[in-house]
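Participant: Kindly produce the complete structure, drawing on both the sequences and the hints.
As you go down the protein sequences, you meet chains A and B in turn.
Per the working numbering, the first sequence starts with residue 1013, numbered consecutively.
Per the working numbering, the second sequence starts with residue 1013, numbered consecutively.
Because the hints were derived from the structure by calculation, they are not lab data.
Some clues are possibly wrong.
Which copy is meant is left open, so a pair is good if it fits within one copy or across any two.
Taking lysine to aspartate or glutamate and the DMTMM-like style, the derived pairs with C-alpha atoms no more than 25 Å apart in a straight line are [said to hold, decoys possible]: (1) Lys1433 to Glu1411; (2) Lys1436 to Asp1100; (3) Lys1035 to Glu1406; (4) Lys1436 to Glu1226; (5) Lys1433 to Glu1054; (6) Lys1433 to Asp1311; (7) Lys1035 to Glu1442; (8) Lys1436 to Glu1406; (9) Lys1433 to Asp1244.
2 protein chains.
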Amino acid sequence: MWQRPTALFTDQYELTMLQASLKSGAAHRPAVFEAFARRLPEGRRYGVVAGTGRILEGLEHFRFTTEQLDYLAAERIVDDITLDYLRDFRFSGDIYGYAEGELYFPHSPVLIVESTFAEACVLETFILSALNHDSAIASAASRMVAAAHGRPCVEMGSRRTHEESAVAAARAAMIAGFASTSNLEAGHRYGLTTVGTAAHSFTLLHDSEREAFEAQVASLGRGTTLLVDTYDVEQGVRTAVDVAGPELGAVRLDSGDLVDQARWVRRLLDDLGNHSTRIMVTSDLDEHAIGSLQSAPVDAYGVGTSLVTGSGAPTASMVYKLVSRVGANGEYEDVAKAATNKASVGGRKQAVRALNERGRATTELIGIGERPTPAIAGRDLMVPLVEQGTPGAEYMGAEGVRRAAARHRESISELPGIARKMQKGEAVIETEFVT
Amino acid sequence: MWQRPTALFTDQYELTMLQASLKSGAAHRPAVFEAFARRLPEGRRYGVVAGTGRILEGLEHFRFTTEQLDYLAAERIVDDITLDYLRDFRFSGDIYGYAEGELYFPHSPVLIVESTFAEACVLETFILSALNHDSAIASAASRMVAAAHGRPCVEMGSRRTHEESAVAAARAAMIAGFASTSNLEAGHRYGLTTVGTAAHSFTLLHDSEREAFEAQVASLGRGTTLLVDTYDVEQGVRTAVDVAGPELGAVRLDSGDLVDQARWVRRLLDDLGNHSTRIMVTSDLDEHAIGSLQSAPVDAYGVGTSLVTGSGAPTASMVYKLVSRVGANGEYEDVAKAATNKASVGGRKQAVRALNERGRATTELIGIGERPTPAIAGRDLMVPLVEQGTPGAEYMGAEGVRRAAARHRESISELPGIARKMQKGEAVIETEFVT
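Facilitator: Dropping the structure here:
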């Protein structure tokens, strides 16, 4: 599998901070960085952690190539001492945090990096890029899956976002419970189920809708999905049934009033004897549209734009903050920014999701320096992800996605039912710092 | 420079359509596809075309590798005949369209692909991903630059979006007039000006703010930018001036009421004799925040989240439609979808921006099959981008970005002044089809 060099997915200030701290000597101070979100996107009841596996995959390739070093030298971005440091760069510290697929709430310590300042500092942008993008998509996807109440959701938004974001979005959607994706690169990289049949252009290419349907059925079989709204939907359905017969797999509706259309198309299919032909709808759906289609006889939802743009919240707004480091006295000291409206909480965190007698989540408990003790029961939220520079293989690749999807299902099942409502509201459980 | 294989940035339906059309024979029909947006994002007065150069760069690497073909075979996504076709795939057609950096309006034919159906069909997702993402960012960036009225805007949003989107976003921002970016990979790939100094973590790493500033100045020089809001802003400014002296390059404000703060920090700097020390502000800015800071003594704007998420419009919603193809009779026929709310206009387009006597844009004229004639004057909007499979070198790499930025400046200068207002409104010029 092709691998990207990831080391320049970095903001320049990380390397200039590295340079200045190498000169002051502080670069080698042991340090603890924490990634967290100060708040959930407006109105959301919970967030979904995603991107963790991609961070681990990228970490393995986070090396500065000769070409990259030559660039940094030619542009005089850093000095020779820093270039020497980067030439040998290899993250050798520990990373722990929420397992991918886990839910998060305001101030949940989603990812903690422990290493020297230098090593942790250089990873900042790459870690945040993966977490912020993928968590935003997974958080939106999870609501769509909830709205669909068991009907399968298909990810098909690749064309609405950057081609690499599209791959990560497909991956994040599957973690949050989507059934399949149209994205082949994502299918290839992560072993995801892929789907796809035909677009309007295929119908328009042929001299008639019938010829197009015949061509598709001849090649893909009667079980295929025929797109019936290029010209007239009723005629499209009739032609589809005529061409494919009772074994026609599905029809796809991609325009118009979908609730109304799904109803009469279902009746028409039944009247024509196609009781097992399914109806897939795919036109600009989001979690609210999916919710409003629940009463209609729809068998699958194809979701595009709104999924890959996080349905109004395209980034998770996580930040990466130094929370503790060894000072001049040789001891770890908690540190925190005091700035107005952006204050942070210092100290190495541990997190437990407190549960009630029925196993429902009640509070996000965050301990500073020690494990918080839940009143009744609780589940530890932090797992080791990278140990002395070595990423846990189980979190990466196809296995990582499978585990994350399972984690997501289990964590969701712990939440109070209100979490799955589409109405805006506060975080469904409160975050409590325990010191 | 490292190159990505791009051929699997593809929705599965493109390959199943290819398979079905290879079987029906229609795959080899000459065809014309068009990328366009039915509307601008809500309230926007114009859009900015971006991504074109990246499409051309990606096209050079749009080949199916053996590993990719093995995947498609193993998953039985397509049949052997289709695999054989893909093994030799190389786009050999023509692409023309709006030069990158050009403005677009509803139905502007931004990109036109002419080739066989098979060749054009397979490119759909990759072309739309690049156009939709990059145009969304460039369109938002252009408004920010307008709001900044000549003060430099610095792109620093990498951490809020996917790591590869971040590179494309930096590139798109520079096309729309940003002065520099924090993203090193973008700097490397496209020869962009990069900037960056230090984060709060650098201050917190050291035992005091003074030690941190001393370390930064010792390494990066007195002309550096010191971040003064980790603890107390006034004390931060005083310490910064004390450490760096009158040559201090800039202070950065990243929290609080920026308008008020910029005013008193300016006075304080002046009182301390630091008349040439600049003020940079960087806290969650968007075009509206930039506008409201215009009366404040700010020298540069750092923009992050809102830039890379398109400031409320994270995708440009362009579509890619078959508009003409050779039919059974051997002649080109215009084709168009009739579906409710998603109708398209068939035919090969040409586009001219009509100008008035003073050289101001008045109408987007779109001719079907022939060049539309403007009443007074006009500028042809379409340029050849790819000829018989060979992309124009001038549109790619660093040269492509420079040309696109120049094109953008010139096109913006043609617009009526109202286009640069931040208020929501209709497209600033109307689109007119001429047949």
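Participant: All hints, please: hold or fail.
Facilitator: Here is how each hint holds up against the structure:
For the identical chains of this complex, lysine 1433 and glutamate 1411 are neighbours neither inside a copy (30 Å) nor across copies (51 Å), given an alpha-carbon limit of 25 Å. In the homo-oligomer, the alpha carbons of lysine 1436 and aspartate 1100 never lie at most 25 Å apart, since the shortest distance is 49 Å inside one protomer and 52 Å across protomers. For the homomeric pair lysine 1035 and glutamate 1406, neither the shortest alpha-carbon distance inside one copy (38 Å) nor that between copies (42 Å) is at most 25 Å. For the identical chains of this complex, lysine 1436 and glutamate 1226 are neighbours neither inside a copy (47 Å) nor across copies (48 Å), given an alpha-carbon limit of 25 Å.
Proximity of lysine 1433 and glutamate 1054 under a CA criterion of 25 Å is satisfied intra-copy only: 14 Å inside one chain copy versus 27 Å between copies. In the homo-oligomer, the alpha carbons of lysine 1433 and aspartate 1311 lie at most 25 Å apart inside one protomer (21 Å), although the nearest pairing across protomers, at 46 Å, exceeds that limit. In this homomeric assembly, lysine 1035 and glutamate 1442 never come within 25 Å of each other (Cα to Cα): the closest approach is 43 Å inside a single copy and 59 Å across copies. In this assembly of identical chains, the alpha carbons of lysine 1436 and glutamate 1406 never lie at most 25 Å apart, being 35 Å within a copy and 49 Å across copies at closest.
In this assembly of identical chains, the alpha carbons of lysine 1433 and aspartate 1244 never lie at most 25 Å apart, being 36 Å within a copy and 42 Å across copies at closest.
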